[in-house]
Amino acid sequence: MKESEHIDDTVNHLFRKESGKMVAVLVKIFGTENIEMAEDVVQDALVRALETWKYRGIPDNPRAWLYRTAKNKAIDIIRKNKYSTLIDFSDPDKQLLTSGYTLNTTMDNYWKEDQIQDDFLAMMYACCHHDISEENQITFILKSLCGFSTKEIARSFLTSEDTISKRLYRTKEYFRKHKIRPKIPTSNEIVDKTETVLNAIYLMFNEGYNSTHADQLIRKDLIEQAMLLCRSLLSAEQTQLPEVYALMALMCFHAARVDSRLTIEGELILLSKQDRTQWDTAIIQSGQAYLNKAAFGSKLSTYHIEAAIAYEHCIAKEYKDTNWPMILKYYDIFLNLTYDPVVLLNRCMVVLELQGADKALMAIKTIKNNKVIEKYYLYHATLGEIYMRMHQNTKAVIHYQKAIQLTQSKQEQQFFKDKIAGVLN
Amino acid sequence: MKEFLYLIRGGEEKYEKNSPEEMQKHMQHWQEWMGGLAQAGQLVGGQPLMREGKTLSEGGTKIIDRPLAEGKELVGGYLLIKADSLEQAAKIAEGCPSFEYGCTVEVREISPM
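These protein sequence lines map, in sequence, to chains A and B. All residue numbers for the first sequence refer to the numbering used here, where the first residue is -4 and numbers rise by one. All residue numbers for the second sequence refer to the numbering used here, where the first residue is 392 and numbers rise by one.
This is chain A alone, in the form it adopts within the complex:
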């Protein structure tokens, strides 16, 4: 690897890992009304790192270098804005930033290691405020806490940069208007608030896992970042909740299989046809460890059950070894806990495996009146599969065609086209 590539690589990796923490600290200093100021400082530190390291090489502790640069830049900004109303210094802690007697020490205190992790978590909770839409939550997390550029987020969501900018703007306006102060919730709120955070993390993970992007790097990045966020929740005692462990386990079981889901050309491979030797046993094992740790407390979350299902798939040596009765049982437990048409749909696939097409058709008809699910491509894909097995080819083709219309993914469209071709031959 050339030296310049090596530097780009180190900086990229470091940036993904550290930029969110730096933003969190800087937002604490400047206030949520100045998130852009915080992002600019971090961006500036990154650019300076790239420029300096190119000539002088990477320092022994690049992370400390980056933090120091951001800190010095923050001091500059405070000095310039001491008398402006841009930054609110009315808080006693922040007041000390305005005196030469205390500026440096106060600034150092903001960058203490144990504080940084807390600030990062607090920022995660702030991003996942109930009033912010899920879409905007993830967009904002990716930008502020994961160091994604607007362009990269647009690519992640298969949408325009303009749309992403608008979403970011809305969230920033929300912070500004409501003067949100990021903080880790108190113990009586933590379960509720963590639920929204986990939801955002899982959506982000699925964005990387399910979508069949041509861009493999973006997919992996999304998966990695979602897992990183979940792991940082697990690193703090207050947030070591059973459902957090469960989601971590679930993501491990999925992530372990990510490489076997697509061909090199990017085509989908069905679970039954995947090369199971490609599955990452080390990640499956750590998933198991997380799942064991998730087994405390009285609350059974949907993540627990989804993890249990994913685990069953992971431990089956061959597709035919899959413990379908167990999986069906898990689906029933899940649906007892909460009604979710998509899960009900997945259950139909299990019924199809276990009890055949007739029973599966009966099961899927129980969700037929749901307007939302009828717009969901996998609903029609499932129906297509059921009718195909019943040799009702015309109906099968109609549903596969519907599925093709409803998905935007080229890989999936191709997959269903192949299915239709199979039915017609």
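FYI, nobody ran anything at the bench for these hints, they're computed from the structure. Hints may be right or wrong, so weigh each one.
[To be verified] With beta-carbon atoms standing in for the labels, derived distance ranges:
no., chain 1, residue 1, chain 2, residue 2, range
1, A, Asn56, B, Glu412, 16 to 26 Å
2, B, Glu497, A, Gln112, 39 to 49 Å
3, A, Asn201, B, Gly436, 28 to 38 Å
None of these values were measured; they are calculated from a predicted model. No residue lacks a Cβ here, since even glycine has one placed at the ideal position from N, Cα and C.
Once you've looked at the hints, dock chain B against the given chain A.
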């Protein structure tokens, strides 16, 4: 509450001989003391001053390129605080970290507007 000015004088010599570690410890004391004032809502503001200065006299016609008083008398910084009385303000000043450097602290009430 009334407002008071602390004029901090002297200490320059010792500051210059300071090691970085000593300095850091000293600044930590400022942090704690001023932090206490800020928490109590009694800190208005204040800054250390640069060593250089000019002094004008004789109706502004005579200018010398240094502060009026130097050495032990050199004003090195100021603080504005709030307190109930001159006595209370003086009591608070007892905690000023500048004493570690042999400074003097003059406490003066700001004339109410």
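Verification of the supplied hints:
1. Asn56/A <-> Glu412/B: 16 to 26 Å: Since asparagine 56/A and glutamate 412/B have Cβ atoms about 20 Å apart, the given range 16 to 26 Å holds.
2. Glu497/B <-> Gln112/A: 39 to 49 Å: With Cβ atoms ~45 Å apart, the hint holds.
3. Asn201/A <-> Gly436/B: 28 to 38 Å: violated (51 Å)
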